[in-house]
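Line by line, the protein sequences give chains A and B. Taken in order, the first sequence gives residues 69 to 302; the numbers are from our numbering. Taken in order, the second sequence gives residues 52 to 190; the numbers are from our numbering.
Worth flagging that the hints you see were computed from the coordinates, not collected in a lab. Computed from a prediction, not measured in an experiment: that's the story for all the values here. Where a beta carbon is used, it is the ideal one built from N, C-alpha and C, also for glycine. Treat the hints with care, as some may be off.
[Unchecked claim] Below, in silico cross-link-like pairs of lysine-lysine (DSS-like), each with a Cα-Cα straight-line distance of 30 Å or less:
id	chain 1	residue 1	chain 2	residue 2
1	A	Lys74	A	Lys143
2	A	Lys214	A	Lys260
3	B	Lys56	A	Lys74
4	B	Lys56	A	Lys197
5	A	Lys143	B	Lys56
[Unchecked claim] Computed far set for chain A versus chain B, every beta-carbon distance over 12 Å:
id	residue
6	Phe118
7	Glu157
8	Ala266
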Amino acid sequence: MRLTLKIFRYDPNTSAGPHYDRFQVEADPNDRVLDLLEAVRGDQDDTLSFRRSCAHGVCGSDAMRINGLNALACKVLVKDLNSDTIQIEPLLGLRVEKDLIVDMEPFFAHYRSILPYLINDEPLPEDGKERLQSEAERERFDDTTKCILCAACTTSCPSFWADGQTIGPAAIVNAHRFIFDSRDRGRLKRLKILAGQAGVWRCRTAFNCTEACPRDIHITRAIAEVKQEILKHS
Amino acid sequence: MAHLKTPLQGYLGYRGREGQTAFLLHRISGIGTALFLTIHILDTALVYFYPGLYEEAIGIYRTTLFGIAELFLVFLVIYHGINGLRIAGFDLFVPQRWNIPTARGSFRLTLILTLLLWLPAAAVMLYNLLHHNFGLFGG
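Next up, chain B with everything else stripped away, as it sits in the complex (with noise of 0.2 Å):
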């Protein structure tokens, strides 16, 4: 635990910008998607082992609980990706251009293009929310 006191008291009480925000959030969302992509792939081999409970499985994905947190990692995952675009362009293209400025800016227009590509998603995920498990639109 005495590892882990710095850096919570770090990412917590540091009050760092855009930088450590971006930080924050990509290691937030590169876990979160690496979590979903592992229990996916557990979910997914029950198919082979045990048929039954796949089918019980997908019935959770179902539930409106995981419609919702399929809204936000779908967000998650568009931001690590292009997140981790924009400091990969930095690093291996134009290192001279890292500055503060640059990076608070970069960060403000990554969230902005995040939101465009989510928001399209978005919709669409929450009609079908909407419809399959509210009855709404014709459901």
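Looking at chain A on its own, in the form it has when it is part of the complex (with noise of 0.2 Å):
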């Protein structure tokens, strides 16, 4: 089937501001959009720029707009697109470096904001080796645990969009991770980070970020588990 691309474009060093280039390509329905953008950029225009990394779902490096909706463009399949033309966008609410790539700090910095690490200063167990876990201990975070950082929910957040300065899903939900841990002792620390103006209580319940989440997290609902979190400790 022969497909057209319309490819956002912006390179800061030329004149030519933000504008959209249209490729055709030859694909196959199993092809995925990852696979017409390598075409793309080996056969028509190799100055188009991407990310990309593993090419298979897991590191989180090609999310964007893909015909309007977020998405990591080595999960999206052609024929679950239906239609002869797609559309393909940098993410929304990140600066864009070049072409399809985005500034991802401001992203990061967020993620950082919630200390995403495990904190416990106690002495360790007995035997000196791992601070064990029940199953059901380990299960009340195992959803989170799935995050990819890949910024699909992140930037899909009309919140996010509205100032940048919003702390986003993806922060939410690696907070979330650890503040259900039963080994982490930083509870306090995130809720407190997650209480303040930019945190939980700007969601509000678009439903994009789950949606566009390429791992179907439940991230709605580890968000409202936050905020229950924080409403007990208030």
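With the hints as a guide, dock the two chains, each given alone in a separate frame, to form the complex.
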């Protein structure tokens, strides 16, 4: 099948402002959007810039807007788009560096702000080995361990679009992962951060984050659970 | 204006599903209601400060355009209330039920409830509008 790719282009080193370029490509219905981008870069325009790494939905490098929805280019099949024209744009709310590449630093700054690591200064168990937990304790935060920090959720969040200051779904998901970890002792610190002006109360339950998550994390549920935890400790 | 560009691009261009529609409708209904209440408080204040102007303000409320706008306003107020209860209900009582099927389904239920509550009110308001402004139903 023959497809038209309408791709957002921007190069800060040229006088041309942001615009869209169209490319005609031959595609198989089972091709992924990433395959099409590779085909364009390989055969038609080697200046096209986009991020990719594993190409199998694990690294989270190639999140972008495909036909108006955030997704990983390596996980979206042509046949699932049901369209002869595919519009590909960079993630919304982050500064475009070139073409489909955005500056991810504000996203990672929000991630770092919630202390995304185990906090526990208590002495190690008597055997000096692992801090054990039951299956049920591990299950409590299993869903939120799946985040790959692709930013598809945060950049689909209306509150994040508004000013970029909102901490965003990905940071809250990663905070949830530690807040509900029975081994962690940094819960109150994180809850204090998330109770702030840019924290969980900015969630409008628009569900764009949950719909966009390539790992099917129940993001809005995790945010609501953190809200409840804040209320319990306030 | 730069601050408005990204949200507007998102609101208008991002193809979110029921959740985004619910959010946008909630925002529009909230702003619309707040604006109406502000105008309403100001025009009611005219009774004390400028009674003559108050009569004129009430006259404007009786125009057909305002009558039609009020029909939509009632829809927005009812929607805003029910949708707020929907979100608060999930957030406060059953956060573990927040998932894509329940979010989509509960939004549709919100719209149905809003319509069911709005239609009788709209019928009465429409009757009054046609009665007073167009002389129908013996007006």
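Tell me, in ascending order, the numbers of any earlier hints that this structure violates. The structure conflicts with hints 4, 7, although it agrees with all the remaining ones.
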